[in-house]
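In my numbering, the protein residues as written are 2 to 67.
Honestly, the hints are just simulated from the structure, not real lab data. One should not assume that every hint holds.
Quick list of simulated restraints, FRET-style, between CB atoms [claimed, not checked]:
{"no.": "1", "residue 1": "Ala15", "residue 2": "Asp50", "range": "51 to 57 Å"}
{"no.": "2", "residue 1": "Ala49", "residue 2": "Arg13", "range": "51 to 57 Å"}
{"no.": "3", "residue 1": "Ala8", "residue 2": "Ser37", "range": "39 to 45 Å"}
{"no.": "4", "residue 1": "Asn62", "residue 2": "Ala24", "range": "38 to 44 Å"}
{"no.": "5", "residue 1": "Val33", "residue 2": "Ser61", "range": "38 to 44 Å"}
{"no.": "6", "residue 1": "Leu56", "residue 2": "Ser28", "range": "51 to 57 Å"}
{"no.": "7", "residue 1": "Asn26", "residue 2": "Leu6", "range": "27 to 33 Å"}
{"no.": "8", "residue 1": "Leu6", "residue 2": "Glu40", "range": "49 to 55 Å"}
{"no.": "9", "residue 1": "Trp34", "residue 2": "Ser63", "range": "41 to 47 Å"}
{"no.": "10", "residue 1": "Pro20", "residue 2": "Phe48", "range": "38 to 44 Å"}
{"no.": "11", "residue 1": "Leu55", "residue 2": "Ile22", "range": "47 to 53 Å"}
{"no.": "12", "residue 1": "Leu27", "residue 2": "Ser52", "range": "35 to 41 Å"}
{"no.": "13", "residue 1": "Asp4", "residue 2": "Asp42", "range": "40 to 46 Å"}
{"no.": "14", "residue 1": "Leu18", "residue 2": "Leu56", "range": "54 to 60 Å"}
Glycine included, each C-beta is placed from N, C-alpha and C at the ideal position.
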Amino acid sequence: MTDSLGAQKIRRAALILIPAIAAFNLSAAKEVWEASREEYDSVEDAFADESAKLLIISHSNSHFGG
Numbered sequence: 002m003t004d005s006l007g008a009q010k011i012r013r014a015a016l017i018l019i020p021a022i023a024a025f026n027l028s029a030a031k032e033v034w035e036a037s038r039e040e041y042d043s044v045e046d047a048f049a050d051e052s053a054k055l056l057i058i059s060h061s062n063s064h065f066g067g
């Protein structure tokens, strides 16, 4: 049994479109991951900065009897 010409064209189009869609989705997922990572890093940096400030304040207070 042979496929009709229309079915063959659809199959060929699918062989081209499916990998293209997958590549696009992977690219979009990578962009989301990178943006999420950058946001996480900035929050982590801000937390580290605030922790360092609190440590300095705590250390100074211990030297001045506070």
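Query raised in the report: Hint by hint, which ones does this structure get wrong, listed from lowest number up?
Result: 4, 6, 13
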